[in-house]
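S.K.: With the sequences and hints as input, model every part of the structure.
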Amino acid sequence: MAPDKKTLIAVLFAALLSLADHPTARSGDRQVTRSPDRPMRIVSLVPAATEMLYAIGAGSRVVAVSSYDTYPPEVTKLPNVGALLDPNVERILSLKPALVIVYGSQADLKTQLTRAGIGVFEYRHGGLAQVTATMRSLGQRTGDDERAATVAASIERGLDDVRARVKNRPRPRTLLVFGRERLALRGIYASGGVGFLADMLAAAGGENVLAEVRQEAVQASTEQVLAKRPDVILETRAMNSAFPMGERQAELDAWKALASVPAVRNGRVHFLFDDRIVIPGPRVVEGTTAIARALHPDAFK
8 MAPDKKTLIA
18 VLFAALLSLA
28 DHPTARSGDR
38 QVTRSPDRPM
48 RIVSLVPAAT
58 EMLYAIGAGS
68 RVVAVSSYDT
78 YPPEVTKLPN
88 VGALLDPNVE
98 RILSLKPALV
108 IVYGSQADLK
118 TQLTRAGIGV
128 FEYRHGGLAQ
138 VTATMRSLGQ
148 RTGDDERAAT
158 VAASIERGLD
168 DVRARVKNRP
178 RPRTLLVFGR
188 ERLALRGIYA
198 SGGVGFLADM
208 LAAAGGENVL
218 AEVRQEAVQA
228 STEQVLAKRP
238 DVILETRAMN
248 SAFPMGERQA
258 ELDAWKALAS
268 VPAVRNGRVH
278 FLFDDRIVIP
288 GPRVVEGTTA
298 IARALHPDAF
308 K
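All residue numbers for the sequence shown refer to my numbering, where the first residue is 8 and numbers rise by one.
Just so you know, the hints here were simulated from the structure itself, not pulled from any lab data.
Some hints here could point you the wrong way.
[To be verified] Pair by pair, the computed Cβ-Cβ distance ranges are: (1) R98 <-> L233: 41 to 51 Å; (2) A140 <-> E219: 19 to 29 Å; (3) A191 <-> M252: 10 to 20 Å; (4) R193 <-> A156: 40 to 50 Å.
[What the hints assert, rightly or not] In silico DSSO-like pairs for lysine-lysine, Cα to Cα no more than 27 Å straight-line: (5) K84 <-> K174; (6) K117 <-> K103; (7) K263 <-> K235; (8) K235 <-> K174; (9) K84 <-> K117; (10) K84 <-> K103.
Note that beta-carbon positions come from the ideal geometry of N, C-alpha and C, so glycine has one too.
M.R.: Below, the structure written as structure tokens:
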């Protein structure tokens, strides 16, 4: 059984596409106004973008979020309007937003919002550099460009600090897993050689054993894991998809089926259940640091 949709959604989406830029549109014979330069009512269907909105100072203008938003804590008190696969269009419209942040793949939703005269910011997944690029573009869209630029620059400096801390250290060959079947080594999903997870692993001082696969997500077989012989296996998930504490040892034991793999043989299978890793938003420095600590604990003493 493959990982649930919540896990895949939490992991696979991040970064910039484009934005609606025409000031007005027509709906029938009625002229309607798109979102103003500084939209005062914002709906976000993207958890990473929601975190960005709060980081750049636009959080007070967020009126609804997706079903999967949990950070910052105050978003749990806001109405939720569905997510990537199940947006509640009627509820979104009832909130009268000036701007809605959608995934780039939500073409039908974008069309409906545009027809209603509502501004749209499209968000697409990409590499780690796209996190700060998205933040800057989102700040321009919401009228918070100065604050967005400041926060983005701080993130870039933080990532550079992590890179400097692990520089010149041996780079352990690492398998970065973000999903598999409970208590089994079936349905393993791991980071390929592109995307924000691959970039975070590289910044943290690891060598991705699946780097040659130019995809963000790879459904890896146990035969592939055996052939790649990773020195470290990092298994990461969102906190709401973490294993129950009582099953942690049993989940570690599941990897013992691959006892010849160096990571298993040497006790270097690590669970990192951390939203800061799987949600590519303003906390990516902390997420990258968590990976780096697992790979290079001596560098953080």
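S.K.: Please go over all the hints and tell whether each is borne out by the structure.
M.R.: Comparing the hints with the structure gives:
no.	hint	verdict
1	R98 <-> L233: 41 to 51 Å	holds, 48 Å
2	A140 <-> E219: 19 to 29 Å	holds, 26 Å
3	A191 <-> M252: 10 to 20 Å	holds, 19 Å
4	R193 <-> A156: 40 to 50 Å	holds, 45 Å
5	K84 <-> K174	violated, 42 Å
6	K117 <-> K103	holds, 15 Å
7	K263 <-> K235	holds, 16 Å
8	K235 <-> K174	holds, 24 Å
9	K84 <-> K117	holds, 25 Å
10	K84 <-> K103	holds, 18 Å
The structure fails hint 5 only (numbered hints given earlier).
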